[in-house]
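Put together the whole structure using the sequences plus the hints.
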Amino acid sequence: MRGTFAQKLLAKKTGRKHLEPGEIVTVTPDHLLTHDNTAAIIKKIESELDTYGIIDPDFPVIVLDHVVPPVNEKTALGHKKIRDFVTRFHLHHFFDGGWGICHQVVLEQGLALPGSLVVGSDSHTCSYGAVNAFATGIDRTEAASLLLTGETWLKVPESIKMTLQGSLPLGVYPKDLILHIIGNVGADGAAYCSVEFHGDLSPLGLEDRITMSNMGVEMGAKIAVFPCDSHTEHYLSSQGIKPRGYEPLWSDADACYHKELTYNLSEIQPQLALPHRVDKVTKVKDMEGKEIDQVFIGTCTNGRLSDLRVAGEILRKKKVARGTRLLVLPASRQIYQDALQEGLMDIFIRAGALILPPGCGPCLGAHMGVLAPGERCVSTANRNFKGRMGCTEAEIYLASPATAAATAIHGVITDPREVSV
Amino acid sequence: MTVWQYGDNINTDQLFPGKYTYTCSTPPEIIPHLLEDLDPGFVTNVKEGDFIVAGKNFGCGSSREQPVLGLKAVGIEAIIAGSFARIFYRAAINQGLTLIECPHAVTAYRTGDSVRVDLDRGDLWIGEKKFRFPPLPPEIQAIGAAGGLLAYTKKKLRKQVSPSKKRESL
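So the sequences go chain by chain: A and B. Position 364 of the first sequence, counted from 1, bears residue number 364 in our numbering, the numbering being contiguous throughout. Position 139 of the second sequence, counted from 1, bears residue number 139 in our numbering, the numbering being contiguous throughout.
Since the hints were made in silico from the structure, they are not lab data. C-beta: ideal position from N, C-alpha, C; glycine also. Mixed in with the good hints, there may be bad ones.
To be verified - Here are the simulated DSSO-like pairs of lysine-lysine, each with C-alpha atoms no more than 27 Å apart in a straight line:
| id | chain 1 | residue 1 | chain 2 | residue 2 |
| --- | --- | --- | --- | --- |
| 1 | A | K44 | B | K154 |
| 2 | A | K386 | A | K283 |
| 3 | B | K19 | A | K155 |
| 4 | A | K44 | B | K19 |
| 5 | B | K159 | A | K44 |
| 6 | A | K155 | B | K154 |
| 7 | B | K155 | A | K13 |
| 8 | B | K154 | A | K81 |
| 9 | A | K283 | A | K161 |
| 10 | B | K154 | A | K13 |
| 11 | A | K81 | B | K19 |
| 12 | B | K129 | A | K43 |
Unchecked claim - Over 12 Å on every C-beta distance to chain B, these chain A residues come out as not near it, computed from the model:
| id | residue |
| --- | --- |
| 13 | K12 |
| 14 | G137 |
| 15 | D139 |
| 16 | G189 |
| 17 | H198 |
| 18 | A253 |
Listed below in structure tokens is the structure:
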């Protein structure tokens with residue numbers, strides 16, 4: 001059939017000749033992602049698991065990342081129950097605490113591939129749009145049902161075409177671009193929709209695309225997807241996955257869109273999302289000089305090697321400002337090792353940073369890095385909701401790793417273009 | 001009957017703080033923290049049959065289902081909003097919590113107005129004004145009719161001839 005990426009992918013997966021936006025289809029996703037919430041998910045279906053077992057041991061992907069290592073007896077017990085479940089059903093894809101943040105691990109392990117369909121009980125499952133996968137978040141109950149049946153329903157979404165033109169200026173990064181886009185369309189600007197990125201995408205590396213797809217849900221998108229190109233193939237082959245192992249898909253030139261938007265990258269400046277909304281976006285310039293207590297570089301949005309390189313370049317031979325704390329969290333064990341080998345961790349440690357183990361903890365206020373009342377944090381994460389980092393009377397500003405690093409050096413919000421490297 | 005009124009972009013952290021996500025999963029654990037940061041008076045005063053009227057993009061943010069489980073457990077009759085975030089919308093279907101997307105009704109609502117819903121007819125009254133909302137597709141109604149997604153799935157599994165049959169390949 002002809003149409004948008006979403007129409008074509010769902011038609012292929014359901015064996016239909018044609019699908020229109022709004023149609024409801026039953027699908028069997030290629031994988032189901034769950035994390036620490038697996039404990040609560042399997043508790044819902046204890047007797048059914050005894051009777052029917054799970055649909056397929058190759059289907060679930062479980063990554064422990066949200067509270068690792070466990071923070072108390074209750075979270076430790078949850079992890080233990082998940083390990084018992086994995087052993088009992090001989091699951092093929094289990095990654096215990098320490099492997100990294102689930103979305104990074106899924107991508108590194110090639111469990112989300114071009115043209116594949118992945119659902120996950122985590123809202124940032126949309127990250128895999130970066131590798132041309134149809135990937136979206138679901139809740140725990142739906143994940144429980146999927147473990148038993150392997151199928152669920154999806155509504156064929158309307159699509160929004162975002163065309164990117166030109167390249168980002170020096171000191172401006174994909175995080176600035178996606179914050180700018182979210183500020184422009186609003187927190188519900190892509191609600192229920194598939195966002196397709198078009199235009200000259202060659203300046204955006206695969207890690208850059210993960211940052212952008214990751215934040216698709218912050219504008220309400222169901223998926224936020226890129227085409228498969230040489231960046232994708234190179235990334236996957238570096239993880240040992242050959243092009244014959246997947247079938248990319250892309251929209252046709254005559255596809256119908258709900259909305260079409262164009263962004264000129266050369267006009268973008270360093271951006272900040274102000275408390276307590278991701279779409280309350282302004283230029284870093286407008287907030288310069290505001291005192292910051294904590295800087296957090298990491299998360300599934302910006303904890304990859306390219307992010308740590310940018311931050312490392314700025315922090316090289318510099319010290320974190322007195323009165324400001326810097327937390328650095330590599331998104332996976334693989335990234336941690338690569339960063340160590342490149343000497344990046346040495347730069348961060350010498351600068352006075354506290355290195356955290358790969359995981360989600362500080363981003364959702366569940367574990368480590370919690371803020372105190374009245375404190376301000378510049379974070380490279382994807383959400384700055386009130387209370388997100390564990391304290392309702394604290395403020396979170398979302399920024400690129402470059403802005404975060406520059407801010408750590410000066411102790412106040414700083415435009416990274418003004419820091420000499 | 002009380003109508004609880006909230007604005008646009010009410011997110012899941014406001015409905016149920018993320019810091020409790022991995023220690024509270026059941027309604028008795030969830031309810032004390034429901035809307036804790038948004039409206040501290042909610043839990044003590046909410047009654048069965050109450051409504052929530054809110055702006056657009058209600059339930060945006062995390063995929064955590066505790067807000068839906070909690071609001072269903074305290075007896076919220078329906079949430080009427082300008083629009084809903086999609087994961088929250090699915091979670092509500094899966095728990096049998098009624099959501100009505102009707103921006104005109106939200107605009108028309110004034111504090112103190114009564115709210116009535118006729119789900120079968122797709123009618124919604126705000127005071128004396130009547131609004132229509134489209135019914136859910138039949139496939140989705142079937143989930144609600146079964147008493148939620150897990151009840152629906154369990155019923156389907158029981159009907160299968162060979163329950164232990166596993167899918168052979170992906």
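For this session: Of all the hints given earlier, name the ones this structure violates by number, lowest first.
Result: 3, 12, 14, 15 and 16
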